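Enquirer: Numbering (this note's numbering), first residue to last: 1 to 240.
No wet-lab data here; the hints were simulated from the structure. Worth double-checking, as some hints may not be accurate.
[Stated by the list, open to error] Listed next, the in silico DSS-like pairs over lysine-lysine satisfying Cα-Cα at most 25 angstroms (straight line):
(1) Lys212 / Lys131
(2) Lys206 / Lys239
(3) Lys114 / Lys56
(4) Lys131 / Lys188
(5) Lys114 / Lys188
(6) Lys131 / Lys56
(7) Lys91 / Lys131
(8) Lys37 / Lys239
(9) Lys188 / Lys212
(10) Lys91 / Lys56
(11) Lys239 / Lys212
(12) Lys37 / Lys91
For clarity, every value in this text was computed on a predicted model and none was experimentally measured.
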Amino acid sequence: MLIFPAIDLYGGAAVRLFKGDYNQMTVYNTDPLAVAKDFEAQGASYIHMVDLEGAKDGTTPNLSVVRSIAENTSLRVEIGGGIRSMETVDKYISAGVYRVILGTSAITDRPFLKAALEKYGEHIAVGADIKDGFVAIKGWLETSGVSCEDFFADMESLGVRTVICTDISKDGAMRGTNRELYRSLSEKFSVDIVASGGVSSLEDVKALRDMKLYGAIVGKAYYVGAIELAAAIALAQGKE
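Required output: the full structure, derived from the provided sequences and hints.
Expert: And the structure:
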């Protein structure tokens with residue numbers, strides 16, 4: 001299993017939200033590149049990034065930060081947050097991003113999703129942000145009415161390779177991840193699932209690894225020192 005250490009971007013800084021609430025934001029580092037270099041030094045091969053400003057309004061205000069990390073580290077960058085046009089996808093890919101994550105647009109703009117998949121294939125992932133069993137959209141501000149399982153079945157039928165699945169109720173809460181959700185989804189679907197939200201201990205990492213998930217995102221637990229990233233990466237790779 002892969003570990004994806006995370007940087008959420010707002011105003012050029014590395015921040016975290018509590019359960020997706022923009023009013024409960026903590027700034028952890030004003031130099032995201034330095035954070036990314038620490039991820040790299042601890043053995044990470046990927047980095048998960050979200051532009052929280054972009055998630056709200058569909059722009060790319062933190063593009064220069066993303067480009068800097070892609071150019072100055074060996075990390076494979078995946079980025080999400082308000083990506084609603086092929087122009088934006090092209091912009092990120094041109095900046096050196098390895099994988100672009102479509103969230104709201106995967107629900108609301110099927111032609112765009114299909115076009116992106118046709119052009120970039122496995123370099124397109126989809127984000128499934130789950131709230132009360134349904135997929136949330138627009139920076140978690142609205143619920144779509146599409147159930148989690150229906151969404152996964154739909155994405156699988158379209159040929160989506162990777163789905164980043166976040167349980168919003170667990171995100172940033174440091175109370176453990178939703179193991180039952182990921183176990184159920186991994187048993188029913190063949191897409192590569194990345195677990196996100198509440199991965200707050202090495203026990204969580206081990207449990208997700210044992211489900212044979214593709215990956216797990218480590219966010220707040222890294223910033224508050226609850227998980228040593230190098231230890232999580234070693235555990236995810238089976239080096240206990």
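Enquirer: None of the hints should be skipped; say for each whether it holds.
Expert: Taking the hints in turn, this is what the structure says about them:
Taking the CA atoms of Lys212 and Lys131, the gap is near 24 angstroms; set against the 25 angstroms cutoff, the hint holds. Taking the CA atoms of Lys206 and Lys239, the gap is about 11 angstroms. The hint holds against a cut of 25 angstroms. Taken as a hint, the Lys114 and Lys56 pair is honoured in the structure, with Cα atoms around 23 angstroms apart against an allowance of 25 angstroms. Under the criterion of a C-alpha separation no larger than 25 angstroms, the hint pairing Lys131 with Lys188 is consistent with the structure, at around 19 angstroms.
At most 25 angstroms may separate the alpha-carbon atoms for a hinted pair to count; Lys114 and Lys188 meet this at roughly 23 angstroms. For the hint pairing Lys131 with Lys56, the CA-to-CA distance comes to about 17 angstroms; that is within 25 angstroms, so the pair holds. Proximity of Lys91 to Lys131 is assessed by CA-CA distance (about 30 angstroms); at most 25 angstroms being required, the pair is judged violated. A threshold of 25 angstroms between alpha carbons decides the hint, and for Lys37 with Lys239 the separation of about 23 angstroms falls inside it, so the pair holds.
For the proposed pair Lys188 and Lys212, the alpha carbon gap of about 13 angstroms is at most 25 angstroms, so the pair holds. A threshold of 25 angstroms between alpha carbons decides the hint, and for Lys91 with Lys56 the separation of about 18 angstroms falls inside it, so the pair holds. Distance check on the hinted pair: Lys239 and Lys212 sit about 15 angstroms apart at the alpha-carbon level, within 25 angstroms; holds. Proximity of Lys37 to Lys91 is assessed by CA-CA distance (about 23 angstroms); at most 25 angstroms being required, the pair is judged to hold.
Hint compliance for this structure: hint 7 is the single one not met.
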